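Starting from the given sequences, assemble the full structure and let the hints guide the process.
One-letter residues, chain by chain:
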Amino acid sequence: MASIVDESVTSDSANLEARSRFREAAGLVAKIVKFHPRLFVTAVAGAALFAVCTVASSIGLRWMIDKVILVRFNENRSDAGALVIGSVIIIGIGLLRAFGVVIRRSYAGKTEWRTAATLTDRVLDHVVAQPVKWHRSRMTGDVVARCGIDSDASVAILAPLPYSSSVLVMMLVSAAWMLYVDIPLGIVAVCVFPILLSLNIGYQRRIDRYYNQAQKELGTLSEAVHESFDGVMVVKSFGAEQRETDRLAVITGRLRDARIDAVAIRSMFEAMLDAIPTLINIALIVLGALRVRSGQMTVGELSSFIYLFTLLMFPLRIIGYLFSEIPYSVAGWRRIDEVLSETIIADPMRKITTSPRGVGIQVENLSYSHNPDTTLIDGLSLKIDKGKTVALVGATGCGKTTLLHLMAGLIEPCGGSISVGDGGVALVFQEAFLFADTLGYNITLGSEISAEHIEEAIDVAQCREFVGALEGGLDTTMGERGVSLSGGQRQRVALARAIAHNRALLLLDDTTSALDPTTEAKVLNNLRLLAGRQTVLIVASRPSTIALADEVLFMADYRIADRGTHKELLSRSARYQALIRAFEDDRQNR
Amino acid sequence: MNEPVGRFTTAKTINRGFGVAPALSKGIGVTFVLAVVGSLARVVIPVTIQQTIDKGLQPDDIRIGFIVQMAAVAAVCVVVASLALRQAVYRLGVGAENGLYTMRVKLFEHIHRLSLADHNEERRGALVSRVTSDIETLTMFFSWGALVWLLDGSLMFVVACVMISYDWILALVAFAVSAPLYFVLRNLQRRLVAAYDVAREKNAELLGTVSELVSGTETLRAYQAQTPMLRKSKQAVRKRADAQIRAGVIGAFLFPSGEVFAVFTIVAIICVGVFRGVDSGLTAGSMVGFVFLTYRFLEPIAEFTEVVDQTQTAVAGLRRVLGVLDTPVGPPQAPNPVALPSRDLNIELKDVSFSYSSRLDTQDDDLPVLRRINLEIPARQHVALVGESGSGKTTLARLIARLADPTIGSVFLGGVNLKRVANDELRRRLVVVPQEPFLFAESIAHNLLFAAPNAEREDLEKVIMNLELTDWVQSLPEGLETQVGQRGASLSAGERQLVALARAALTNPDVLILDEATSAVDAIAEVRLAKALQALSVGRTTISIAHRLSTATRADRVIVLERGLVTEDGTHDDLIARGGEYAKIYAQWLSATSVQN
Ligand SMILES: Nc1ncnc2c1ncn2[C@@H]1O[C@H](COP(=O)(O)OP(=O)(O)OP(=O)(O)O)[C@@H](O)[C@H]1O
Ligand SMILES: Nc1ncnc2c1ncn2[C@@H]1O[C@H](COP(=O)(O)OP(=O)(O)OP(=O)(O)O)[C@@H](O)[C@H]1O
Ligand SMILES: [Mg+2]
Ligand SMILES: [Mg+2]
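Protein chains in written order, with my numbering: chain A, 739 to 1328; chain B, 60 to 656.
Bear in mind the hints are in silico, worked out from the structure with no lab data behind them. Treat the hints with caution; some may be incorrect.
No farther apart than 25 Å at their CA atoms in a straight line, the calculated lysine-lysine pairs in the PhoX-like style are these [said to hold, decoys possible]: (1) A/Lys805 - B/Lys114; (2) B/Lys293 - A/Lys772; (3) B/Lys293 - A/Lys871; (4) B/Lys291 - B/Lys261; (5) A/Lys769 - B/Lys293; (6) A/Lys1260 - B/Lys643; (7) B/Lys298 - A/Lys772; (8) A/Lys1089 - A/Lys871; (9) B/Lys291 - A/Lys871.
Please read these numbers as outputs of a predicted model, since none were measured by experiment.
Structure (structure tokens):
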């Protein structure tokens, strides 16, 4: 024990750190209690009732021993009245105490989970309000953790609070009580508080390091595992299963070692917590016997004294556990607070204005860059008339996707303006994302869309054939319990989604790349039938797709290098020609 | 404590857990004995009190000497017991950590080897939580719950024995009065377990919706459809809170029930004891000792309430972990691998059928994805696989790469059944490049090196040069050291494919399968890459899946898949001349890519 306490009283800096940590925890408690104060106060009231009854229960026992048991067995008299009174006291106080426990526990639970719900709701609001830029700068798993595990962690501090406050009350009341019953005995008994408390604090401080270490390793592990499983296809393709397992095993080994170090300390502490109060208890019995001999105490008083002391041991033992959650809670709260106190990046959507009548989309002097020290898109302007279909053509990495995301209001331009015709935008991403929900949901995304529109979209996107083959049709669940689709099928579902939403501007980012020429031709033909209803900007690489368009925007190096009909561009732009003719040239050169 | 069936499966689950991680149960007998010895400390006080009152504090005869002697013995017992307890806790903890380490590592390997059908995007989160949070529930359990079960069981038993040895009539009274508690407990506990099951389920639902909300954020924003999804998530939040609170309330009633019964039992004991009086041989000390013992006897119930949820959670976690370990690994490892020939790997498919849904049970209501495929691809041939979207091309490529085994039939590589080829060798000799390649959130160089950890810098540069990608790499802000972002998100879709292609080329495999590996790169780059790859592929068997038929025209042979069947097979010119499906697709392609139309 000495070593633990000694180490706990280390340098000033550690003390300072402990103090600031304490302040942080206190601040967290103050903040978090305010979410549902009434529930919390009820829980504390229940706890107080419990505390008072715990101390009071020793009265009943003392009464029974002195007035009933000793009278009966030492003097061989019976006193029915005393027996009844004693029984009523013991049962009454016992029931009250239980009532206090029920109130405390159920309200502590209510406080905890209601607060967690409130916190999660707020975090969700923030996360949803943050635009794509914010999300792109974060790992998905990390954001999910902040919505879930972290709010659970930060409210974990709430659950033991009412109980801890009752332990405090109990300690004070019983200390007073024990001193009142017998001063020398009381002093010895009260000694147990500081001893256990400092033991606890020393223990917490010593074990913190290992727990923190373990928590850190767990975080590392979780991230590494996430990525490793995410890339399972690559792992398998290169036969790196063993390599990856070994890599993860190293991290797991570090986690285990930190935990085993913690166990070594914890088991010591656990044993001491068990032994010390019991040893003091034995000392109390001896001392008490002396007091009884000198006539300053009755046997009943001594027994109830020991009884009270025994009752106190349990809360004293576990109070350390209660507070062991604190660092964990504080860390969780810090991560939540980070999200909550971050200013919400303005939605790029707000800058997108409504274009004048007859204009599908207008972009003026647009500039954009992924990182602050470079400019990618610089002074880009374009205008597309309403109802026109325009192809966006350009080499790999020339900025097509970036431009489409700007137009859809997903990312914010550094300068310039974008205006879009009335009726909104629908964007089909280059790589389709499907939700683990029904096929229907994947098309509507929860919006009210008439069955007619959905059916039409399914036909236009050529989904009919495989949707028809699914047993549940639109109600078929995709994903874990549902079916998986091939690359081209996924792409067509994403297209159906865009068409069903029937927006004024349709942005298609290379949406037929995974389709075979036959299916592609059908899809394009269907889109052609729709032409005129919507303004369409379509990223295209094949002449067939381009042929769909009234006009072509040729993009090179983040600029609109040229614009005109397909024929015009062919005749005047060598770069455009090279790009478009690549397949044809290749055929001829064979 | 549960239905018989439930208990059986729980016991079986735990048993299987021990089987997977023997360290968990190694020396558990010794630990148990130590724990029993450790729990003896808790009966020391009641016994000491009884002895003191009866033998040391008789009104007429107070024997301090005796009391001191007895106290000394008690103190020694306490010290010994707590040393035993320390050892028990330590052994349990170390055993648990070692066992869980083994379990985690087994899971890593197993999950990596699961077939791709078990690895779809949507299951990924679940698999990650198997090795993180599910194992964590076990860690938590072993640091507290297990100890409580171990100690409290033995404690109740020891206390009951002491009670009987004091006075069997009083002991019977105590047991009789507290007996109804058993039924109360059983009832409440069953409800509690059910309530926690609901809570866990709601928790999983919450995590599911939230992670969809976050990972689908771009899509949702593009359609301004965050609100319905947010509403759904918040609903899940509320439902989860309700479920947790419900469980909490049941627990709140369960928790003090032991103490309530203790109060009644004590009163009953005192009444009976007083009624029977001195003549029955009872003493004041044993009465008081009995009161203390009654508390000790019923005390574990409160603690048990605390760990019941933890225990259920841990068993559920273990069950899920075992569920993963029970899922057969994708293609199982070859027990006695046969070496592949050193050069010239030909591919042969004999009567191959495949279906994703049913593993072996043939429920014939849905058509297999591939049906009775017979193919022979000689070494060094360049084959183009074409066919409608959803016709099974990717699936066929997966079978050849042994990312899955055929449901019926066999695949041979270099004359050896794939099932008998060692995985390491197969992966060295055969590489697949998928359409949407995965990149680690590291630099480009790191991603390339994943394929060949021992490659030198020059090797990387050589591959880049051979594929004519040097200009592109130089245009990047930090060249090969450029960070690609989460899943490669800081690169364009085409650029990601370039990296994946270079990664595959670095290993210089004997068989290369390109599954729409260049579908997102522009036409010039694609043609250039195709030529570069061809130049590099001397002596290599290549299978290209591409909707851009420029690949097919360049290939030695074209195979057409239609709804899981090979319908055409021949050279480009043959198939065109035959005027079948391929000729139709090709005509489509011609018109799609011809500039004058
Ligand atoms: N988040 C990002 N951070 C830094 N650079 C990025 C980011 N996203 C894209 N880039 C870079 O911006 C350039 C344009 O990317 P974009 O995705 O717009 O190209 P693209 O024209 O759509 O190409 P592709 O035809 O391959 O889809 C690329 O060179 C890419 O590396
Ligand atoms: N993991 C999976 N689980 C269940 N079914 C699947 C899975 N992957 C694909 N399928 C189904 O198997 C069939 C064939 O899919 P496959 O991916 O082989 O097609 P494909 O020819 O590659 O198509 P695409 O050209 O669109 O990529 C499809 O109907 C698809 O829905
Ligand atoms: Mg793009
Ligand atoms: Mg495919």
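Please flag the earlier hints that this structure goes against, numbers listed from lowest up.
When the structure is compared with the hints, none of them turns out to be violated.
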